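**Student:** These are the residues of each chain, in order.
2 protein chains.
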Amino acid sequence: MSLLVAASFFTDVRVVAVVGGDFGADERAVFDRHNVDTSDLEVIPEGKTFRWFGKYEYDLNVAHTLDTHLNVFAGFEPKLSDGSKKSRLVFLGNIQPDLQRGVREQVPNAELVALDTMNLWIDTTRESLQKTIEVVDLLIVNDAEARQISEEPNLIKAARKILSWGPRTLIVKRGEYGAAMFTQNEYFAIPAYPLESVFDPTGAGDTFAGGLMGYLASQKTLDEAALRRAMIFGSVMASFNVEEFGTERIQRLTHDEINQRFRDFKRFTHFEEIPFDGKVSSFKSQVSS
Amino acid sequence: MSLLVAASFFTDVRVVAVVGGDFGADERAVFDRHNVDTSDLEVIPEGKTFRWFGKYEYDLNVAHTLDTHLNVFAGFEPKLSDGSKKSRLVFLGNIQPDLQRGVREQVPNAELVALDTMNLWIDTTRESLQKTIEVVDLLIVNDAEARQISEEPNLIKAARKILSWGPRTLIVKRGEYGAAMFTQNEYFAIPAYPLESVFDPTGAGDTFAGGLMGYLASQKTLDEAALRRAMIFGSVMASFNVEEFGTERIQRLTHDEINQRFRDFKRFTHFEEIPFDGKVSSFKSQVSS
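Residue numbers (the numbering used here), protein chains in the order written: chain A, 59 to 347; chain B, 59 to 347.
No lab work stands behind these hints, which were simulated from the structure alone. Keep in mind it's a predicted model, so treat the numbers as computed, not measured. For each residue, glycine too, the CB sits at the ideal point set by N, CA and C. Errors might be hidden in some of the hints.
Unchecked claim - No more than 20 Å apart at the CA atoms, straight line, and that leaves these computed lysine to any residue pairs for SDA-like:
#1 A:K215 to B:D258
#2 B:K219 to A:E330
#3 B:K324 to A:I214
#4 B:K324 to B:F303
#5 B:K324 to A:P103
Unchecked claim - So these bits of chain A aren't anywhere near chain B, every CB distance computed over 10 Å:
#6 E85
#7 D90
#8 N129
#9 N177
#10 R184
#11 E185
#12 K189
#13 E203
#14 R218
#15 W223
#16 R226
#17 S255
#18 M289
#19 T327
Start from the sequences, fold in the hints, and give me the full structure.
**Tutor:** Okay, here's the thing in structure tokens:
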């Protein structure tokens with residue numbers, strides 16, 4: 059939900075998903091207000107929507123999965139409508155990797171296909187997950203997942219290994235520490251937006267992915283520079299998302315508010331590129347300790 | 059040691075410290091090669107030099123203190139020579155906060171006094187530590203320490219509280235996640251230099267502080283822009299330090315190598331400041347999930 063709403067600020071969005079009878083008029087109204095195309099939204103009235111139960115550590119940085127209820131996702135076999143099959147950008151949300159690969163095969167002409175996953179699939183369907191990673195352009199995971207998928211404790215080695223499987227790009231979410239992007243020859247890293255009150259970190263990762271994908275969809279060229287800006291816009295959307303419960307804050311957002319935080323990111327990360335001239339200045343200066 | 063060697067690449071360095079009889083000719087030779095002024099280095103032949111024992115988690119990010127042997131530091135009462143008292147910049151290394159305050163009082167004209175500390179002093183001498191924080195310009199700690207000192211789990215709130223006690227600047231070291239700087243009105247954050255092999259993280263924090271203080275000492279104006287560049291140079295020095303044991307790598311460093319990584323940091327953090335124009339481009343773009 060937060061992913062789709064976040065993306066909708068930048069582009070037209072379609073959803074391919076299955077929900078249960080608990081998905082009600084309120085949720086549908088949110089989609090309507092944000093022009094989310096729900097042609098491919100399957101409803102199983104007698105089923106229940108997917109739910110994740112977790113808890114956060116005191117600093118809200120580490121999430122522990124207590125339980126994952128797949129519910130209606132367990133029997134999901136996504137079939138894309140002709141409209142969805144023509145999508146230029148596709149985000150494969152966090153479902154069983156065989157199903158993700160099934161969707162990927164239905165969009166052979168997509169310019170960029172991104173992939174999300176979680177520890178459950180890494181633990182239980184490792185081989186299938188790797189096959190799916192091999193056929194996408196962009197993997198978006200958190201740093202614990204990147205280490206777990208690659209079985210490399212060093213994140214740089216983990217990134218190199220994952221990129222060797224096929225994706226052009228790996229984006230690693232780091233919670234309050236920001237995010238990093240790895241490509242074959244480049245590395246890019248940004249801090250998180252500094253917030254004094256993090257009300258609800260749930261959905262921050264989804265909002266990040268939504269802002270990122272939505273912004274990319276608005277760009278003609280999906281090059282390194284566009285990906286870098288997309289990471290900032292993703293982080294901006296995530297920063298708003300955690301300020302209130304659910305999607306309440308991002309639903310009210312304006313483009314001015316979004317651009318203001320985008321500019322803040324420039325301010326938070328800018329420094330002058332003046333190398334050290336190799337000489338101690340003539341004025342006496344000392345460091346004692 | 060790593061602090062002084064790192065700083066020596068940018069400025070003249072004096073050391074005010076006490077060591078035991080185990081401090082030998084090899085250590086002294088390192089100081090000599092880097093022109094470290096040891097007039098204020100007290101030697102207690104029958105004593106033992108301060109030692110910290112710790113272990114690192116699998117990702118080398120979290121250090122756990124197993125034991126701290128104060129040894130000769132326990133009876134240390136630093137008295138600065140006239141030369142040291144004239145220092146423009148002073149770094150108060152990690153010793154008992156009463157002693158740090160004693161040194162601070164001996165350099166009333168210093169332009170910038172920075173402070174280091176550790177969990178031992180936060181646990182056992184909280185009140186004295188706060189008094190010392192009140193009379194310095196810059197506090198350099200890791201993020202767990204910032205939270206512990208301020209008793210605030212949110213780092214932004216922690217920073218605000220610490221700055222309210224007196225320091226103009228707080229720099230927070232975040233290991234593999236880089237570092238952040240807080241002042242009254244600004245926030246600045248950088249990633250760590252991406253390294254595939256972290257051989258020995260011991261001393262990374264000290265090397266960071268040394269590079270940072272040394273670079274600042276080489277600068278005429280200690281403004282926000284200089285502090286930002288100093289954080290980069292500190293991170294550069296730390297990135298070299300962890301590649302080999304002890305100070306072996308940084309002892310061999312050249313200014314070209316240092317400036318190369320400084321430029322890398324620009325490459326790793328740069329993005330174009332092009333706000334979103336608020337319109338979905340005409341070419342069809344969609345995000346499905």
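**Student:** Are the hints correct? Go through all of them and say.
**Tutor:** Structure-based check of all given hints:
no.: 1; hint: A:K215 to B:D258; in the structure: holds (17 Å)
no.: 2; hint: B:K219 to A:E330; in the structure: violated (29 Å)
no.: 3; hint: B:K324 to A:I214; in the structure: holds (18 Å)
no.: 4; hint: B:K324 to B:F303; in the structure: violated (27 Å)
no.: 5; hint: B:K324 to A:P103; in the structure: violated (53 Å)
no.: 6; hint: E85; in the structure: holds (15 Å)
no.: 7; hint: D90; in the structure: holds (17 Å)
no.: 8; hint: N129; in the structure: holds (17 Å)
no.: 9; hint: N177; in the structure: holds (16 Å)
no.: 10; hint: R184; in the structure: holds (20 Å)
no.: 11; hint: E185; in the structure: holds (24 Å)
no.: 12; hint: K189; in the structure: holds (20 Å)
no.: 13; hint: E203; in the structure: holds (13 Å)
no.: 14; hint: R218; in the structure: violated (7 Å)
no.: 15; hint: W223; in the structure: holds (17 Å)
no.: 16; hint: R226; in the structure: holds (18 Å)
no.: 17; hint: S255; in the structure: violated (7 Å)
no.: 18; hint: M289; in the structure: violated (8 Å)
no.: 19; hint: T327; in the structure: violated (5 Å)
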